[in-house]
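Colleague: All chains, full assembly: derive it from the sequences and hints.
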Amino acid sequence: MGIENIIGEALPEVLTTRLDSLINWARKSSLWPATFGLACCAIEMMNATSSRNDLARFGAEVFRASPRQADVMIVSGRVSRKMAPVLRRIYDQMPEPKWVISMGACATSGGVFDNYAIVQGVDKIVPVDVYIPGCPPRPEMLIHAVMMLQDKVMKDSVRDHKDIPEAEARHALTPGTLPVTDGSTLGPATAESRPYTIASRHERRRSS
Amino acid sequence: MSAGLQNEQPATPSQLVTALQSEHPDWVTEFTEALGEVTAVVPRAYIVEVCSLLKTPAAGEFNFLADLCGVDRGVEEEPRFEVNYHLFSTIRYHRLRLKVLLSENDVHVPTVTGVWRTANWHERETYDLVGIIFDGHPDLRRILLPDDWQGHALRKDFPLRGYEPYSLK
Amino acid sequence: MSTSVNIPPQLEVVDRPLDTQMTISMGPQHPSTHGVLRIELVLDGEMVVKATPDIGYLHTGMEKLFEYKKYQQGIVITDRMDYLNPLGNNLAYVMAAEKLLELEIPERAQTIRVLFCELQRIASHLVWLGTHALDLGAMTVFFYCFREREKILNLIEAASGGRLTPSYFRIGGLMMDLPPGFERRVKQFLDGFPKALDDFKKLLTGNRIFQKRTQDIGRISAEDAIDWGLSGPSLRGSGVALDIRRANPYSGYENYDFEIATEPGGDVWARYLVRMREMEESQKIVTQALSRLRSGPVKADAPKVVLPDREAMKTHMDALIHHFLIVAEGFDVPQGEVYHAIEASKGELGVYIKSDGGPKPFRVHFRGPSFVNLSALPDLCRGAMIADVVAIIGSLDIVLGEIDR
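Residue numbers (this note's numbering), protein chains in the order written: chain A, 6 to 213; chain B, 9 to 177; chain C, 21 to 425.
Note that these hints are calculated values from the structure, not bench results. Mixed in with the good hints there might be a few duds.
What the hints assert, rightly or not - For lysine to any residue, the following SDA-like pairs were computed, each having C-alpha atoms within a straight-line distance of at most 25 Å: (1) C:Lys-380 / A:Asp-119; (2) C:Lys-222 / A:Ser-56; (3) C:Lys-304 / C:Pro-269; (4) C:Lys-89 / B:Leu-168; (5) C:Lys-215 / A:Asp-119; (6) C:Lys-89 / B:Thr-40; (7) C:Lys-119 / B:Thr-40; (8) C:Lys-90 / C:Pro-126; (9) B:Lys-107 / C:Glu-87; (10) C:Lys-221 / C:Ile-280.
Modeller: Right, dumping it as structure tokens:
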């Protein structure tokens, strides 16, 4: 009785599951982080990938330097106001599906530095999936966070992370956030004097 | 320098400053020695000459500018700002501090990048954080704060948390 | 460099890629810039015409934060500055404050400070070696270095509770004494470390690819190095035998027997050799410090400045009152200004503290060695290729937390 019994007897090599589970299992087992180490937490992240606490056991094998090939962005370290637009741009350059882990007290809420220079929490810039407290958190805590993210990924559905249509992607980010300093003066920087690259079809603005 | 070194061993910084003061009286206005360190207050107009002279072997051989930092003494103080030059000699291993006092309405100092090239970035940082303008600097622009930042962060009237929280807009 | 080819006018293109120079931005998110550093490279093909570093992407406003925190609270912030050498930052700040207060530190505290500073120097050089080799393609060395570094981090954690941000030193001595069995563990580490250094030498020093990528790259002469303010191994790699531990000794360094590692080359290879030898010399200093450890107090005899022991605080009234006052109100530091420099793993780390007589400093300025070392990058990179820029940045051993503060 039941379709699984019939298949089990007639075709023993066939495995039935939900498409979601299969895709989520593949996604969670190969979460490739983008290198976004900013400060001291980056050193603990490097410790988490070294041989003592091996993050590669959990599928986070390669730290991709290019955000276009990465799944998860581990924001490790304090985000200053000058760096915040860069962070947003790197996040936008990651293709779907993407997740963000905010590692350490400074990325979560500004940490020890409640002053003019540090953004008080990276969730003011990008949507965060897992927060890790600590200053800096131990490598074991980062591994626990990756495991929590894997649980979260398993509960996701394929319909949640759809890439947006190309027409919408063309009206993407504000150009020119990085300054070019060749022959600059004492005056303030203006947007018109900056050259910019063409927006890619994968970038989009997400209102946070 | 004619006056100064009669004995065999090299002169200590306080002896050097005393000799400098006796030779050029208006180059050093005040000279203190406390906690094992020698501080000489130099008027703004002569700072480049004093630094060039101190770099020569006869007057101390201070060939290394260890640090250049600006201090805001307080909103109601007069003079309001000071610039400290920390000199070090890699040959004789002694240290000296020069200080230039500036008032609020005239925050210009001649640059010492001609004497030591390392002053370049130190002066940019002092301009960025305290707001002191160095005349003759090859490339005076902000170095640590974003280029379009308003205000100078280390001044005493700049609030600790800034003027507004960060937002993407 | 224009080619002499006759292009008919109807096919003339506006953009002649072989004629112009290209400006690209290396960073701030880049695997090889050792942090959030942005370098504007003006390139002629692959050759660098001009390299301008653009910093400030990690500016934390620490110097302003110090003015709002009492002296003891400020020690925690110094950890996060040069995060590979936090005990060195602690030491510089604490010694500058002790100079203002004119405190005398007991000998056991000084010996333990030297021991930890040298262990921290080895740990910092291990990260330098791992990341530098990783940038140049040697991935195995990265894992070996971090394996050795875990042992040192275990030692620091055993004494202070924190791996990367220990805050172990206090104004007047140490936070608390060493745990029992500590000397044995340090000896265990020291027994295994020479073999690890041998491994690194076998992997890198004799490696022809590594040699080709580092010899004759990024040369700087001794006079230029002093003019640009370089210090530490970057200066000693150009032949200048300057070490603050010998020039202005502090914390008992005059009693230790070690050599200053110097190489005359001035290129990336010379700086590599200097740092490898420095690791050996630090090992010698740690062995000597271990043999010099005698029992004694680890905090200075200044009840108004140094926190009392927990047992004394729980049983004696005056100790309780002092503890409360130090923690709640802080201690007043006499008016004055002081500049104290130590030899951190990157170079001369100088602290300038100006005090106005209150419990919080009036102005604290850190002279970060990486800040000054990086300012020489335009000079070093002229005429190099892009891949050499990566090698030069690695050889300067920069830490962005110290540059941007």
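Colleague: Is the Cα-Cα distance between Lys-107 of chain B and Glu-87 of chain C 25 Å or less?
Modeller: holds, 21 Å
Colleague: Within a Cα-Cα threshold of 25 Å, do Lys-380 of chain C and Asp-119 of chain A meet the stated pairing?
Modeller: holds, 17 Å
Colleague: Starting from Lys-89 of chain C, check that the Cα of Leu-168 of chain B is at most 25 Å away, please.
Modeller: Holds, because 12 Å separates the two Cα atoms, which is no more than 25 Å.
Colleague: Does Lys-304 of chain C pair with Pro-269 of chain C here, judged by a C-alpha cut-off of 25 Å?
Modeller: holds, 17 Å
Colleague: Decide if the proposed pair is consistent with the structure: Lys-89 of chain C and Thr-40 of chain B, CA atoms, cutoff 25 Å inclusive.
Modeller: violated, 29 Å
Colleague: Lys-90 of chain C and Pro-126 of chain C: Cα distance at most 25 Å?
Modeller: Satisfied, since the Cα-Cα distance of roughly 23 Å is no more than 25 Å.
Colleague: Run the distance test for Lys-119 of chain C versus Thr-40 of chain B: straight-line Cα separation, threshold 25 Å.
Modeller: Between Lys-119 of chain C and Thr-40 of chain B the Cα gap is close to 17 Å, so the pair holds against 25 Å.
Colleague: Are Lys-222 of chain C and Ser-56 of chain A close enough, with their CA atoms no more than 25 Å apart?
Modeller: Satisfied, since the Cα-Cα distance of roughly 20 Å is no more than 25 Å.
Colleague: Would the pair Lys-215 of chain C and Asp-119 of chain A pass a check requiring their Cα atoms to be no farther apart than 25 Å?
Modeller: violated, 45 Å
Colleague: Starting from Lys-221 of chain C, check that the Cα of Ile-280 of chain C is at most 25 Å away, please.
Modeller: Holds. Lys-221 of chain C to Ile-280 of chain C sits at ~20 Å (cutoff 25 Å).
Checked against the numbered hints given earlier, the structure breaks hints 5, 6 and satisfies all the rest.
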